[in-house]
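Chains A and B supply the protein sequences, listed in that same order.
Mind the numbering: the first sequence is residues 1 to 247 in UniProt numbering, read in order.
Mind the numbering: the second sequence is residues 1 to 345 in UniProt numbering, read in order.
Because the hints were derived from the structure by calculation, they are not lab data.
All C-beta atoms, glycine included, are put in the ideal place defined by N, C-alpha and C.
Some hints could be false.
[Stated by the list, open to error] Selected chain A positions facing chain B (in silico; Cβ < 8 Å): (1) 92; (2) 102; (3) 118.
[What the hints assert, rightly or not] Residues of chain A placed beyond 10 Å of chain B at every Cβ, according to the derived structure: (4) 16; (5) 24; (6) 55; (7) 174; (8) 226.
[As the list claims (entries may be wrong)] Some but not every residue of chain B turned toward chain A, in silico, with C-beta under 10 Å: (9) 197; (10) 201; (11) 206; (12) 208; (13) 218; (14) 225.
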Amino acid sequence: MSAIIEVSHVSKSFGGVKANEDISLTVEKGSITGLIGPNGSGKTTLFNSIVGYHPIDSGSIRFEGREISKLLVPEIARLGLLRTFQQTRIYGKMNCVENMLISIPHRKMTLLEAFRRNTPEERERAEHLLHFVGLYEKRWLQAGSLSFGQQKLLEFAMALMNEPTVLLLDEPTAGINPTLINGLIDRLKHANREFGITLFIIEHNMRVIMNMADRIYCLAHGRLLAEGTPEEIQNDQRVIDAYLGAH
Amino acid sequence: MSMRKLALYGALLLLTVAAPFLFPAYQTQLATLWLMIIVALTWDMTGGQMGYNSLGNIFFYGTGMYVGAVITITLYFPLAEYTDASRSETFTFTPEMYFTGMVLGTLGAGLFCALSAYAIGPLFFGLRGPYFAIGTLGLAIAAGEIVSNIDILGGGQGISMPVYGGDFEVFKKIIYYVFAAMGVVLIVFLSWFYQTRFGKAINAIRDDEEKAEAMGIHTLRYKLVTWAISAFFVGMAGSISAFQLIHFEPLETAYQTINLGIFMVVCVLLGGKGTLWGPVIGAILFHVFKEVTWNYLLGWQWVALGALIVVIVVFFQDGLMGWLRHRKPEWFGIRVESREARASA
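Chain A extracted, bound-state conformation:
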């Protein structure tokens, strides 16, 4: 396995708050990598830095060997590095199928190709993925009228529709009914194994992340606190202290 995302010595501060300080980590191609840490430890800031949402103060971020820390959000997305949002974002006034059809990859689409209708293959794929996340029956409803958990599933399906190489998921199970979480874990694993999508996941639910991840990074107070396999992280006294507030 080789590194697909290499974050080295990245720092980012907002005013006097050092949200990220000298963080270095790598995400292996084809892996499921977890990112944990107490609230306010800088996880979402790091995600935002990687996808180009804001410029970083120092350090470098490489995607497939290419420096991306100076690129804009849509440019990075077109490279195949996609993120979902903590506060779910879908296109509320359109139905689920339309939401999916908009999410086709725009990597190579020329302006002329945009003036065509969606192909039957795209429609079929959209319906297949909606079925995959369990929203097939509701596909003609306006996305804004779905429940929060369903919107999260829709956002996940939209991300898959985009055929990314790497998917950054910001708390995919937050707000999802506990009985549905197992199903979501299966789907995430399926996306990783069958579709070959590398997953980089922020997660607060320890059961979920320990269950899925090959490797986990733990942040605290904007710094990288620990890294290792789920077992190593679970038994790391510093991680336990960070979560219980010993810091």
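Place chain B on chain A using the hints.
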């Protein structure tokens, strides 16, 4: 397309063609109605479908008037002499010159407006929400003031267009059919356009532009092209209006921000933003409302218009189509499909 729909569209098209013969006394009104439909539909492209509420689309209408006039005149005469207020000689256009000017002037007006929308777009699409509305409004007001100070464009006096030499009844029909043809082409174009990937992408920009960017959509490119297409049609409509009105001046006719500039927004709000037929229905209702109040409530017409806007904004925020969609969601294909239906499908 089902037979019923086909029959309905056929009947509407027939009515469009026959209208000036059925209602000869209202030909000019009907032509203006088509103008309203055109500006409402083009406003909805950015306002309703893309979420960028422009108050300055009238800029393209006024600019279209001037570009159309300038092209028509300069094809045959020196512009400065034609627009000189103190001139004594008259400039006569033969029918051939007149129609050549109309066709070339109108196409030129459309192209010029499309290009200027594309050129100035990056400046305005950095503005969001109300800032975009105010920014574009400023553009239209500034343009009116600037043009009224350019002597070669007739200054504050405006420009008198060449006059059609033939029968006035024929002239009215020509204007009507040009507007109607433009409107029908626009409706057909938009019904296709909104179905394409492009159309869906601008809907995505409306619903959540940040998400659209995060999904890799070329947001600025789509916004510029949409505005340019919209400006193309408004510019052409402006040019035809110049021919219809014969005389126009910059502030009250060409860059008429408080009249047509606002009316197009009201039409769309009345009919329903973000739908194909909403702006058409809204334009028809609004035009009827306007003519009735302007004729029978003279002196109070602006009060009536204000009251109408209040009623729309308070009670029908999504317009007529939005209200219908809320009452009859199944007409718009909003439904939950049962598992049985899927199994049998």
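Consistency of the hints with the structure:
With a cut of 8 Å, the hint placing residue 92(A) at the interface with chain B holds, because the nearest CB-to-CB distance is about 5 Å. At a threshold of 8 Å, the smallest CB-CB gap from residue 102(A) to chain B is about 5 Å, leaving the interface hint in force. Taken as an interface hint, residue 118(A) checks out: its beta carbon lies about 6 Å from the nearest beta carbon of chain B, inside 8 Å. The beta carbon of residue 16(A) sits about 26 Å from the closest Cβ of chain B, which is more than 10 Å, so the claim that it is off the interface holds.
With a least CB separation of 25 Å from chain B, residue 24(A) remains clear of the 10 Å interface cut-off, as annotated. With 10 Å as the threshold on Cβ separation, the claim that residue 55(A) sits away from chain B holds: the shortest Cβ distance comes to roughly 15 Å. Once the 10 Å rule is applied to beta carbons, residue 174(A) is consistent with being away from chain B; the minimum gap is 18 Å. Remark: the non-interface label on residue 226(A) is consistent with the geometry, its nearest Cβ contact in chain B lying 29 Å away (cut-off 10 Å).
Proximity of residue 197(B) to chain A holds as hinted, the smallest CB-CB distance being about 5 Å (cut-off 10 Å). A least Cβ separation of about 6 Å between residue 201(B) and chain A falls short of the 10 Å threshold, and the interface hint therefore holds. About 7 Å separates the beta-carbon of residue 206(B) from the nearest beta-carbon of chain A, less than 10 Å, and the hint is met. Hint status for residue 208(B): holds, given a least beta-carbon distance of 5 Å to chain A, under 10 Å.
Interface restraint check for residue 218(B): the shortest CB-CB distance to chain A comes to about 7 Å, inside 10 Å, so the restraint holds. With a cut of 10 Å, the hint placing residue 225(B) at the interface with chain A holds, because the nearest CB-to-CB distance is about 7 Å.
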